[in-house]
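J.: Use these hints to put chain B onto chain A, whose structure you have.
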Amino acid sequence: MAKETPSELGKGTIALVDDEENIRETVGYALRKEGYRVDTYSDGAEAWQTLEEKLPDVAVLDIMMPRMDGLDLCRKLRAKSETLPIIFLTSRDEEFDRVLGLELGADDYLCKPFSMRELVARVKVLFRRLHLADSPRTAAEEKLIDVGGLRLDLQRYTAHWQGAPVQLTVTEFLILNALARHPGHVKSREQLVQEGYPHDSYVSDRTIDSHIKRLRRKLTRTDPSFDEIETVYGLGYRYRQPGASD
Amino acid sequence: MTEIAALPDERQASRRDAGRETTGREARRRDRLIRFFSRISIRLLAFNVLLVFLPAFGILSLETYEDELLDYQERAMVQQGRVLAAALGGHGPLDGERAQSILERMNREFDARLRVVDSDFLLLADSGRLGPRIDSSATPPAEDPEIRRNLIYRFGNFLYQSYSRFVLPPEPPLPHAGFYSTQKKLVGPEIEQALRGGYGSATRRTAGQRSLTLFSALPVLSDGDVVGAVLVSKSTFQILGSLYELRLSTFQVILLSVLAAVVLTLLVSTTIVRPVSKLQREALAILDRRGRLKGRFKAYQRLDEIGDLSRALAELTRRLHEHLRFTESFASDVSHEFKNPLASIRTATDLLEDEDDPAARQRFVQMIQRDVTRLGRLLSAVRQITQIDARLDAEPTEIFDLRRTLERLRESYELRSPGLSYALHVPEEPVQIEASPDRIVQVLENLLDNATGFSPEGATIRIDLTTDSDDAVLEVADQGPGIPEENLETIFDRFFSYRPEGKGGTGHTGLGLAIARAIVEGAGGDLSARNGNGGGAVFCLRLPTHS
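As given, the protein sequences belong to chains A and B, one line each in that order. In our numbering, each residue carries its 1-based index in the first sequence increased by 191. In our numbering, each residue carries its 1-based index in the second sequence increased by 1.
Excised from the complex, chain A in its bound form:
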């Protein structure tokens, strides 16, 4: 099962780990309604007992948990599988940086209180990415955006800079897509919130700044000369028009 790729969208297994009983119940209910199999665990240690034997297709982890917390569990899961998609549910703002700053390899995260639709949409994206990763590319599915050296695959939610893959979370991908789709246009933080979290209106503008910071970091790590995302003071951000000089 661990190596198995779900043959059909919505037929995968999801491990949901949260010490909050109500969250397990509501999130579990919603995901099951989408057709996924959901196993719930109340803390990291309990989850690890089962997941060590058999990896799920997607893991949804709370961070603050007694006994083993979400970050420890994520590290253990990553040690077993490089590709397992992981979504974090965080309730502390400062945890953002820990989750992604530590490069634990989370694929996405949502801040509590999150919108159920947002979570379901993210889970679906992760399944699609998982599903498409191994399947051969067909011309019909090809939905690509090329801006200068940047290529975004809207089907697989993957990004390449000058041919090299850049690991982005779903949110980062959506924000980069919003910017790169209209190079030279300024996008306000509110617009970027709308693009990055299409189903959630509770995200503060300032989280966009953290995402941009992380996007730049990831891209400059691939190419130290990368400087395509510009800050427009008082307005927002802009993707540099290819060929335009600074």
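No wet-lab data here; the hints were simulated from the structure. On a predicted model such as this, the values are computed, not experimentally measured, just so you know. A virtual CB, placed ideally from N, CA and C, is assigned to each residue, including glycine. Be aware that a few hints might be false.
Derived CB-CB ranges, DEER-like [what the hints assert, rightly or not]:
| hint | chain 1 | residue 1 | chain 2 | residue 2 | range |
| --- | --- | --- | --- | --- | --- |
| 1 | B | N534 | A | Y393 | 45 to 53 angstroms |
| 2 | B | S381 | A | T422 | 42 to 50 angstroms |
| 3 | A | K271 | B | T398 | 41 to 49 angstroms |
| 4 | A | G226 | B | S381 | 51 to 59 angstroms |
Derived list of chain B stretches under chain A, where covered just means 3 residues or more per stretch with a C-beta under 8 angstroms from a C-beta of chain A [said to hold, decoys possible]:
| hint | segment |
| --- | --- |
| 5 | 344–350 |
| 6 | 368–376 |
Cross-link-like lysine-lysine pairs, in silico, DSBU-like; alpha carbons within 35 angstroms at most [to be verified]:
| hint | chain 1 | residue 1 | chain 2 | residue 2 |
| --- | --- | --- | --- | --- |
| 7 | A | K245 | A | K409 |
| 8 | A | K271 | A | K409 |
| 9 | A | K202 | A | K267 |
| 10 | A | K404 | B | K295 |
| 11 | A | K409 | B | K295 |
| 12 | A | K404 | A | K334 |
T.: For chain B alone, kept in the frame of chain A given last:
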């Protein structure tokens, strides 16, 4: 006033302004002056120097010493005069030749100038005319003594002269000592006195000298009649010489003392004032421009009061930082703790929107209700924990027997949880403690609630009260799953909650034990947890007994 009133309004105003300006400047100058003199180092210096000077003026004048010396000299002179008068007397009217020969004999032993007059004031003999063997003091050298040219002496003398000129009342000028020198007949008040049979004395200034000349006149008697007088005179030069020497050495001592006072003051101000100003600079540097606490005091190594002060300040800032950190982390803990029920409510409302199944809808509504209740409970617990210190101070304490409290609690818990038994062991003697009974009951209820919540059906909860020297020791032991070793201390952290599935439900806030510990520590005791030998958690409460 009238002048100002006569001025045109405008000029009046400008003059008033100018006046205010000057008074403002004066006030500032005065302020600066006051600040200057209120500096500890200046005050120390003034104090030390004054301490040296106050007795110094007394010593410098040396009035008493001088009087005594003069008195002594006068007595010696009178003695010499008496001897001469006795030798001359008893032989009828005085004879110049005889007087001269007696004088010549005596002059070898006496240092004063001796003169003899008859009853008509006529000079009969004078030791001053007896050739070179005359006491030097009788005709002192024209020059000032060596000592008076000493620089230090001159400086001291200047101070003393100014002091006596301006402070002491003026004395009438004395007659000149050359009073008798040109006369054949020595008609002076002291001789008149002696010729009347009494003792006469006068003080005159020595010519060209600072010293004085003392004159004493004694009658020469023969058969009860006054036949002449003996005039003894001597300059106070010798006395002055020793006085000058004394003054000089006194003044040297004073100068040295002043020097020592200055050096001492400088030393004291470097060891006291400098570190104090350093502390002050540190205090200013601790707050940044926006008034936020930035740095902290460094604790000095020094063992004196300033060291103590710096250590106290360092401790103060350390506690402040700790408190700030506590407040910050508390705010973040609280926000985290509120986000879980909020997330739960949000997901439930999201689901409600799309859900048609009435059973499921009912379930989500109940979930929302539970979470709202929980948020309310959380809010009041947060309020309680933030106010606990202030509340403990405000609540009256009572002295009460902990055994009675425990017995009452046992009864009510047995009624509430019939499936469990509560075994209470208390000592024979009363266990008196001084605390707020309501708060102690709150702590005990928290421990008993925990024990009850974690106990399987039919289990026994052991409550043991003992005394250990001055402490009351209470142990509450359950037969539940116990506490993981690594969490024995963290269970007292705010918002920590570890509950195995199905135990305790969602009613807990994660603040109960934190509040309990705060109460117990506020009452001077402590609260800790361990695992019992046979499994299960044991909470140990220690409170000081009232003696």
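J.: Look at each hint and say if it fits the structure.
T.: Checked hints:
1. B/N534 <-> A/Y393: 45 to 53 angstroms: At roughly 50 angstroms between Cβ atoms, A/Y393 and B/N534 fall inside 45 to 53 angstroms, so the hint holds.
2. B/S381 <-> A/T422: 42 to 50 angstroms: holds, 44 angstroms
3. A/K271 <-> B/T398: 41 to 49 angstroms: violated, 58 angstroms
4. A/G226 <-> B/S381: 51 to 59 angstroms: Taking Cβ atoms as reference, A/G226 and B/S381 lie about 42 angstroms apart, which means the hint is violated.
5. 344–350: holds (count 6)
6. 368–376: holds (count 3)
7. A/K245 <-> A/K409: holds, 31 angstroms
8. A/K271 <-> A/K409: Distance of about 24 angstroms is within 35 angstroms: holds.
9. A/K202 <-> A/K267: holds, 25 angstroms
10. A/K404 <-> B/K295: With Cα atoms ~28 angstroms apart, A/K404 and B/K295 stay inside 35 angstroms; holds.
11. A/K409 <-> B/K295: holds, 34 angstroms
12. A/K404 <-> A/K334: holds, 27 angstroms
Hints 3 and 4 from the earlier list are contradicted by this structure; the remaining hints agree with it.
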